[in-house]
Amino acid sequence: MILIVAEHSGGSLAKSTLEMVTAARASGREGPVTLLVLGQGIGAVAKEAAAVADQVLVADLPALATYNAELWAAAAAQIAQEGEANTVIIGGSRSGREFAPRVAVKLGAPYLEDAISLSSEGAALRAQRYTYLARVTETVEAEGPVVVVSVKPGSFQAAAPAAQAGEEYDVELELPAPRVEITGRSVEKSSRVALTEADVIVTGGRGVGSPENFAAYVEGFADAIGAGVGATRAVVDAGWRPYAEQVGQTGKTVQPGAYIALGVSGAVQHLSGMGKSKNIIAINKDAEAPIFKVADYGIVGDLNQIVPALIEAAKK
Amino acid sequence: MKILTLVRQVPDAEARIKIQGQTVDLDGTTVVIDGMDEYGVEEALRLREGGAQVEEIIALAIGPKRNEDALRTALAMGVDRAIHIETDARYDAVSLSAMVAQVAQQEGAGLILVGGQEADWDSQALGAATAERLGWPQLTWTNELKVEGDTLSGRHDVDDGNESFRASLPAVVTTQQGLNEPRYPTLPNIMKAKKKELRKDDPASYPSQSAVRLVGAEIQTRARRNHMIDGKDPQAAAAELLNLLRNEAKVLA
Ligand SMILES: Cc1cc2nc3c(=O)[nH]c(=O)nc-3n(C[C@H](O)[C@H](O)[C@H](O)COP(=O)(O)OP(=O)(O)OC[C@H]3O[C@@H](n4cnc5c(N)ncnc54)[C@H](O)[C@@H]3O)c2cc1C
Chain B
1 MILIVAEHSG GSLAKSTLEM VTAARASGRE GPVTLLVLGQ GIGAVAKEAA
51 AVADQVLVAD LPALATYNAE LWAAAAAQIA QEGEANTVII GGSRSGREFA
101 PRVAVKLGAP YLEDAISLSS EGAALRAQRY TYLARVTETV EAEGPVVVVS
151 VKPGSFQAAA PAAQAGEEYD VELELPAPRV EITGRSVEKS SRVALTEADV
201 IVTGGRGVGS PENFAAYVEG FADAIGAGVG ATRAVVDAGW RPYAEQVGQT
251 GKTVQPGAYI ALGVSGAVQH LSGMGKSKNI IAINKDAEAP IFKVADYGIV
301 GDLNQIVPAL IEAAKK
Chain Z
1 MKILTLVRQV PDAEARIKIQ GQTVDLDGTT VVIDGMDEYG VEEALRLREG
51 GAQVEEIIAL AIGPKRNEDA LRTALAMGVD RAIHIETDAR YDAVSLSAMV
101 AQVAQQEGAG LILVGGQEAD WDSQALGAAT AERLGWPQLT WTNELKVEGD
151 TLSGRHDVDD GNESFRASLP AVVTTQQGLN EPRYPTLPNI MKAKKKELRK
201 DDPASYPSQS AVRLVGAEIQ TRARRNHMID GKDPQAAAAE LLNLLRNEAK
251 VLA
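First to last, the protein sequences are chains B and Z.
As numbered in the numbering used here, residues 1 to 316 make up the first sequence, in order.
As numbered in the numbering used here, residues 1 to 253 make up the second sequence, in order.
Take the hints with a grain of salt, since some may be wrong.
As the list claims (entries may be wrong) - Here are the simulated SDA-like pairs of lysine to any residue, each with C-alpha atoms no more than 25 Å apart in a straight line:
{"no.": "1", "chain 1": "B", "residue 1": "K106", "chain 2": "Z", "residue 2": "P203"}
{"no.": "2", "chain 1": "B", "residue 1": "K285", "chain 2": "Z", "residue 2": "Q106"}
{"no.": "3", "chain 1": "B", "residue 1": "K293", "chain 2": "B", "residue 2": "D199"}
{"no.": "4", "chain 1": "B", "residue 1": "K293", "chain 2": "B", "residue 2": "T137"}
{"no.": "5", "chain 1": "B", "residue 1": "K315", "chain 2": "Z", "residue 2": "A239"}
{"no.": "6", "chain 1": "B", "residue 1": "K315", "chain 2": "Z", "residue 2": "K2"}
{"no.": "7", "chain 1": "Z", "residue 1": "K195", "chain 2": "Z", "residue 2": "P64"}
{"no.": "8", "chain 1": "Z", "residue 1": "K232", "chain 2": "B", "residue 2": "Q305"}
{"no.": "9", "chain 1": "B", "residue 1": "K315", "chain 2": "Z", "residue 2": "S95"}
{"no.": "10", "chain 1": "B", "residue 1": "K15", "chain 2": "B", "residue 2": "V187"}
{"no.": "11", "chain 1": "Z", "residue 1": "K18", "chain 2": "Z", "residue 2": "K2"}
{"no.": "12", "chain 1": "B", "residue 1": "K106", "chain 2": "Z", "residue 2": "Q106"}
{"no.": "13", "chain 1": "Z", "residue 1": "K2", "chain 2": "B", "residue 2": "K285"}
{"no.": "14", "chain 1": "B", "residue 1": "K285", "chain 2": "Z", "residue 2": "E14"}
{"no.": "15", "chain 1": "Z", "residue 1": "K2", "chain 2": "Z", "residue 2": "K146"}
{"no.": "16", "chain 1": "Z", "residue 1": "K18", "chain 2": "B", "residue 2": "K315"}
What the hints assert, rightly or not - So the derived label-pair ranges between C-beta atoms look like this:
{"no.": "17", "chain 1": "Z", "residue 1": "R213", "chain 2": "B", "residue 2": "P32", "range": "25 to 31 Å"}
{"no.": "18", "chain 1": "Z", "residue 1": "D12", "chain 2": "B", "residue 2": "E167", "range": "49 to 55 Å"}
{"no.": "19", "chain 1": "B", "residue 1": "S186", "chain 2": "Z", "residue 2": "E14", "range": "44 to 50 Å"}
{"no.": "20", "chain 1": "B", "residue 1": "S186", "chain 2": "Z", "residue 2": "R213", "range": "39 to 45 Å"}
{"no.": "21", "chain 1": "Z", "residue 1": "D233", "chain 2": "B", "residue 2": "D199", "range": "49 to 55 Å"}
To be verified - These stretches of chain B come out as covered by chain Z in the derived footprint (C-beta under 8 Å, 3 or more residues):
{"no.": "22", "segment": "96 to 104"}
{"no.": "23", "segment": "107 to 118"}
{"no.": "24", "segment": "131 to 138"}
{"no.": "25", "segment": "154 to 162"}
To be clear, the hints were calculated from the coordinates, so they are not data collected in a lab.
Given the structure is predicted, the values throughout are model-derived calculations rather than measurements.
Beta carbons: idealized from backbone N, C-alpha and C, even for Gly.
Work the whole structure out from these sequences, hints included.
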């Protein structure tokens with residue numbers, strides 16, 4: 001079987017899980033596409049999962065109420081072994097890329113990290129992935145009784161519900177005692193669509209000028225067109241915006257249909273997080289700004305004048 | 001406690017990357033110590049300076065000869081000694097973690113610091129894989145760290161925000177921006193570093209083989225439309241852009 005560890009939050013399945021289902025079907029690996037749902041009070045998530053997968057394994061346990069790398073790794077490895085999975089697919093989120101290597105070590109399996117494509121070449125599973133701050137695309141492959149893969153969000157189409165819903169089964173797990181104690185959590189909630197799920201993103205850079213301008217221009221424009229909000233590291237370092245909004249090497253990787261950069265210079269570390277967006281739109285007063293080299297559409301001009309005009313025009 | 005801090009020498013972010021044959025060729029490319037690893041080196045030094053019981057700080061590099069420079073940077077910043085397992089073989093992170101775990105055991109390390117995402121192979125796997133091999137907990141994307149006795153505490157980023165944590169040593173910590181500001185090596189320290197030990201270890205003593213094969217590499221540049229609009233008349237520019245986004249790119253309703 002192909003085992004996928006489902007990503008979900010707030011009681012519903014994440015888009016990344018639907019993308020992993022597509023990745024599983026594209027991989028050319030054999031067996032039923034199986035979603036493993038870990039958590040507590042996850043009945044609704046399991047139902048959603050059953051609509052897209054051949055079967056769903058559910059571990060609804062208090063110990064799994066919040067994500068924990070060691071528990072998630074133990075659960076995935078145990079189910080992979082019991083189900084004789086030939087492939088384990090994990091999300092390329094921060095948490096997914098944190099526990100996937102542990103699963104690989106537990107299974108003695110090779111690990112293909114952050115795949116943007118998957119295919120079978122004989123016995124080998126082949127993947128493409130970005131390296132060198134996303135400037136290079138490498139093709140790698142591995143084989144073995146089982147291969148662990150993490151899949152980069154936004155790289156595959158979301159799977160549509162299948163004609164027939166998959167069966168749901170409860171599974172029993174032997175879990176270790178968690179060794180990391182979480183003493184506090186600060187969740188950066190946003191009323192907007194999550195960055196990694198947004199189809200349009202408006203990002204503000206230092207050129208926006210101030211936190212007040214950020215709210216007026218970046219959030220204002222995002223709200224007018226129903227987009228997610230991103231920020232550069234310069235803006236996050238200045239304390240204007242939360243780190244959760246940072247796009248780039250040390251922030252999030254996004255590939256929306258449209259990425260609109262306001263007052264962003266386009267440093268490599270920023271490009272590495274958004275350079276694969278389908279359309280890049282830049283507004284910058286400096287015609288030489290590197291962001292224009294990757295832009296599909298660009299306005300050279302002062303954003304203080306152009307963005308209010310954009311917001312007004314978009315509301316019409 | 002002994003701290004093991006991992007370093008790699010990677011292309012400078014602004015350097016041009018070229019492909020030769022089926023792989024990235026770094027000949028003639030400006031290379032520097034990976035910024036993420038530098039945070040790890042700095043943090044090890046700060047833990048000691050902050051009063052944690054740190055017996056020794058060891059920098060470890062596994063890879064081609066160029067990594068010597070990363071080790072020299074770490075020595076000049078203040079680590080006590082360095083180990084270089086010099087090899088031109090290509091390893092994936094999970095295979096490499098077997099070697100790191102072996103060094104950690106031999107040296108009796110109680111804390112391993114690794115960059116959160118290396119700037120050459122864009123991987124986040126080495127820290128977690130090493131932790132699993134050693135049976136240790138891991139804290140990834142850490143931006144605040146304290147060690148008191150055997151207790152590690154701090155803060156790190158997670159998918160939807162951040163968490164404060166506590167764990168017992170030994171542990172693996174992966175670093176990132178915000179953890180600290182790495183120091184520049186001073187001239188006296190660079191001079192002193194020349195006398196510090198930089199041990200070369202034979203890769204044959206650390207049997208591990210890459211389980212992932214490189215098939216090819218390419219630099220893909222996506223053709224962009226580069227449709228530039230003059231912003232002198234803001235209203236006209238705004239209207240033109242929205243029109244293009246709606247009717248040409250079809251990304252807005
Ligand atoms: C290890 C490491 C990791 C990093 N990770 C990240 C990361 O994840 N994400 C990230 O973003 N950066 C990252 N960086 C930082 C990166 O190198 C840049 O410093 C940063 O992206 C610059 O942000 P910026 O474009 O907002 O600011 P600036 O470089 O200051 O650019 C501001 C731009 O706004 C324009 N501008 C100014 N005023 C106006 C106006 N009135 N109208 C229109 N345009 C205007 C200017 O022409 C300029 O191009 C990292 C750096 C390092 C070393």
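**Report entry** Structure-inconsistent hints, enumerated in ascending order
**Finding:** 2, 6, 9, 11, 13, 16, 19, 21, 25
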